[in-house]
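Make the full structure from the sequences, and use the hints.
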Amino acid sequence: MELENSDNAENSTSSKSGNRENSEGKQLNGLSNGYPEKHKSHKSDHKDKHRDKDRDKHRSKDHKSSSKDKEKHSSSSSKDKDRHSSHKSSSKDKERGDREKDRDKDKERDKEKHRDKHRDEKKSSSSSSSKDKEHKSSSKDKEHKSSSSKDKDRERDKDKEERREKHSEKERDKDKDRHGSSKDKDRHSSSKDKHRDKERDRDKEKHHSSSKDKEKKEKRSEKENSEKKLRIEMKLETEYAREDSAREDSVDEDEPKLVIKEEAQSQNDEIHNRNICTKWKVLVGTCNTLSIKFRLKSTNIAISTHEDKFYSVQDLNSYKKELCSVVRWEEEKKDDGTKWTFLEHKGPVFAPPYERIPSNVKFYYDGKEMRLSEEAEEVAGFYARMLDHDYTSKNIFNNNFFTDWRKVMTKQEQATIVDLSKCNFKSMHAYFMDMAEKNRNKTKEEKQAQKEKNEAIQKEYGFCTIDGHKEKIGNFKIEPPGLFRGRGEHPKMGMLKRRVQAEDIIINCSKASKIPEAPPGHKWKEVRHDPSVTWLASWTENVQNQVKYIMLNPSSKLKGEKDWQKYETARRLHQSIDKIRREYKDDWKSKEMRIRQRAVALYFIDKLALRAGNEKDEDQADTVGCCSLRVEHIELHEQKDGREYVVVFDFLGKDSIRYYNEVPVEKRVFKNLQLFMENKNGGDDLFDRLNTSILNKHLNELMEGLTAKVFRTYNASFTLQQQLDQLTNPDDSLSEKILSYNRANRAVAILCNHQRAVPKGHQKSMEKLKEKIDAKRQAIKDAERQVKDAQKDAKHGSVKEKTIYEKKKKLLQRLKEQLVKLEVQETDRDENKTIALGTSKLNYLDPRISVAWCKKYGVPIEKIYNKTQRDKFRWAIDMAGPDYRF
DNA sequence: GTCCCGACTTGAGATGACCTAA
DNA sequence: TTAGGTCATCTCAAGTCGGGAC
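Using my numbering, read the first sequence as starting at 165 and increasing by one per residue.
There's no promise every hint is true.
[Said to hold, decoys possible] In silico BS3-like cross-links for lysine-lysine, where the CA-CA straight-line distance does not exceed 27 Å:
(1) Lys558 x Lys656
(2) Lys753 x Lys844
(3) Lys636 x Lys1031
(4) Lys641 x Lys615
(5) Lys726 x Lys1027
(6) Lys661 x Lys575
(7) Lys689 x Lys623
(8) Lys636 x Lys723
(9) Lys835 x Lys771
(10) Lys712 x Lys687
(11) Lys952 x Lys936
(12) Lys749 x Lys835
(13) Lys656 x Lys571
(14) Lys873 x Lys730
(15) Lys636 x Lys678
(16) Lys730 x Lys1027
(17) Lys934 x Lys985
(18) Lys771 x Lys743
(19) Lys687 x Lys675
(20) Lys1031 x Lys723
(21) Lys985 x Lys928
(22) Lys636 x Lys510
(23) Lys1031 x Lys623
(24) Lys966 x Lys945
(25) Lys590 x Lys575
(26) Lys973 x Lys959
(27) Lys804 x Lys835
(28) Lys636 x Lys503
(29) Lys749 x Lys861
(30) Lys861 x Lys835
(31) Lys606 x Lys641
(32) Lys712 x Lys634
[Unchecked claim] Okay, the calculated beta carbon distance ranges per label pair:
(33) Gly685 x Glu643: 18 to 28 Å
(34) Glu935 x Arg649: 36 to 46 Å
(35) Val984 x Arg662: 47 to 57 Å
(36) Gln576 x Arg649: 23 to 33 Å
(37) Ala515 x Lys678: 16 to 26 Å
(38) Asp500 x Asn1030: 29 to 39 Å
To be clear, the hints were calculated from the coordinates, so they are not data collected in a lab. The C-beta atom is built at its ideal place from N, Cα and C for all residues, glycine as well.
This is the structure in structure tokens:
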């Protein structure tokens, strides 16, 4: 793996306010073959100003420390912009080209599959084709969204069986006609041996009836194949039987129940279709990675078989696990929208009551010591804690705080304290800092005691019982009071978030459960029994008047199931994406403005993974997404840096993270944008005939369950798969493989504009790492010299000298390996400094892609997912085999 | 069609536990 | 053993989206 670190542009600067650097140029250089769109993004202009100052300071330092590092900030240097733009264009074009190629490949694959399927259909009995017809007719049902109860499933099964029976009868008639056979094939026999015998008989019959040599040959090989598969199947059955009996012996409440059912009557057809695991009937799910043909009960979707490929028992068992978890979810699903039937928990944990600060900690107003009332002191403490934070340098924050603080003051305090700038919180600040320090420096025993206390609370309040399963709760602690930390230029930042009491809390649990007890002297606002929602408790916070919830942990069944569904929807989009793209491209030419706007917006959402962009209230930070873009957020350039029809996006997105991107678009999009901008001011909506609900309504018509958000998930997962394919070299070392994974992950994070502030001390740690690398290189040089000398000695020397030579050689080898590891670490860390990988990993990347990659290339899953992530993605770890494709 | 709200997911920053090298 | 750095976990703000009321 070539490590890219020269010619990489670097954004310098950082500040405690969390200003971001940007290293996309680096990403693109590092991954010239097919990185996604590059964004330069930063926080608000306000922060940019800070950053510019900081950057100037750092720039000289950076320049000295490394001539390779180049300043890159969109607004500060047009030259830099130009340079990056050219990087971007080539990379983007390539990326787009790759995507197109990939799509073409996918199409080819699909065609190939289709052809194979067709061949199979011709070869096999008509019962299979009847199934395919069913498949087609029910393709709309493919969405596992539509859950079904056991009874309904049974009914549907019955129906299917009846239909199958009819087909079989027809088939038998045809067979009779074809072969003149009087043998009646009993398709309903449950005995597998009989089926196999009949299969052989049928093969024999075919063999006899054939007169051409070619046909004979084919028949013979088919028979051989069939026999070979039968042998495998028998072996598998033995394995399964053994495993099943073992499973029955050790029934674990948390283990998924095995409810895969035998479907003997269709076995002839299935075997004829050259499937090796046909006796298993999947209830629901799309398992297109499986090379075994499964029939899905509620959807009747058949998964095509990968020809001539056999799977090990181990692989099949992992597939079976997949089926188990899918089945378990499906079995427990309810039709009426209810999420549970039984829910019991202990209620939330409240923030500890306020403890007054010691009397030696003073507050001064206008230079005079002042003893505050308890409530005023508590709120003053919130501010004092944040004294060294950027927030307290902002007027809005200070004004909001002061207004709310005065509300909790006594009349006397109100009369005295009239100017925030005259308040001195320094002593209080020092006290809180000291407390934090003391907390950090607790002895081992004290820390252990604290840990045990927390664990006890977690044990008591951190779990709930939901439909017989013990599940972890995500956030069982009520948010403590404090000052509201709105992001960006939030007009409400600094307002007081008041203490939440039991009287604010709505408890949700089942009637039959033990209702949690409110703290002594208090009572709940309400106890509700609403099984249509998943939250356990809720309250309305006072700053934005929003409802806050206590919900389940991501590792819970309910959340996991939702997650799985999300990725399945994205996979369905993968199937329809070409059609959708064709359609929106057609719509660029529509006579109706609203349709053109919708089509152009959709193009941006698809191409750039933009968020939908709901409208926002006046009392929220001014951030936008695609639908809420304003004219001032884009610039059109017919020519820019040698490229045609360039759109420059520059706006604040979610969390006031700046999105900056220069994108060459198709001419028709460009002309449309010109049209949309005609006679509009900067503050006018770009898409004035569009909003998220119109867009999503349209998307749902294109594909059930499709919303703007799905494009982000789809493009992220698709990019990961594509990047992993491109970047992974099976012969790489483990650390190099992980670097490849991180680079693929990074490509997605860049696509989704997931940025982070440069970690504190990043530069220092990089310098240290560089020193280490230099030292290692020096050590290698020395070792090489020693090896040479030892080699000379060993040539005519004794055994001892030869041993020394061998040892030196080994040492050299070890040093070289260590150097590679360090270099990989350096590249990875530097490329990662402004990119947050976590968000995409947790929310956008189908975990089965990563799991499959790990299994395929022998990378321990722990290297990719930490414990929490493994818990969250347990379903995927169990499901995905090494050949899973998104 | 629009507005509003509830329920959920997504997201960055803060905090603190843990690991590693000296 | 300890300091310093990294990474996992926690926190809570800020999105998306669907549905109901008008």
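Verification of the supplied hints:
no.	hint	verdict
1	Lys558 x Lys656	holds (12 Å)
2	Lys753 x Lys844	holds (21 Å)
3	Lys636 x Lys1031	holds (14 Å)
4	Lys641 x Lys615	holds (16 Å)
5	Lys726 x Lys1027	holds (25 Å)
6	Lys661 x Lys575	holds (21 Å)
7	Lys689 x Lys623	holds (25 Å)
8	Lys636 x Lys723	holds (11 Å)
9	Lys835 x Lys771	holds (17 Å)
10	Lys712 x Lys687	holds (19 Å)
11	Lys952 x Lys936	holds (24 Å)
12	Lys749 x Lys835	holds (13 Å)
13	Lys656 x Lys571	holds (16 Å)
14	Lys873 x Lys730	holds (10 Å)
15	Lys636 x Lys678	holds (18 Å)
16	Lys730 x Lys1027	holds (25 Å)
17	Lys934 x Lys985	holds (12 Å)
18	Lys771 x Lys743	holds (15 Å)
19	Lys687 x Lys675	holds (18 Å)
20	Lys1031 x Lys723	holds (17 Å)
21	Lys985 x Lys928	holds (19 Å)
22	Lys636 x Lys510	holds (12 Å)
23	Lys1031 x Lys623	holds (18 Å)
24	Lys966 x Lys945	holds (21 Å)
25	Lys590 x Lys575	holds (24 Å)
26	Lys973 x Lys959	holds (14 Å)
27	Lys804 x Lys835	holds (16 Å)
28	Lys636 x Lys503	holds (16 Å)
29	Lys749 x Lys861	holds (18 Å)
30	Lys861 x Lys835	holds (26 Å)
31	Lys606 x Lys641	holds (24 Å)
32	Lys712 x Lys634	holds (23 Å)
33	Gly685 x Glu643: 18 to 28 Å	holds (21 Å)
34	Glu935 x Arg649: 36 to 46 Å	holds (38 Å)
35	Val984 x Arg662: 47 to 57 Å	holds (56 Å)
36	Gln576 x Arg649: 23 to 33 Å	holds (30 Å)
37	Ala515 x Lys678: 16 to 26 Å	holds (24 Å)
38	Asp500 x Asn1030: 29 to 39 Å	holds (37 Å)
Consistency with the previously given hints is maintained throughout, with no hint failing.
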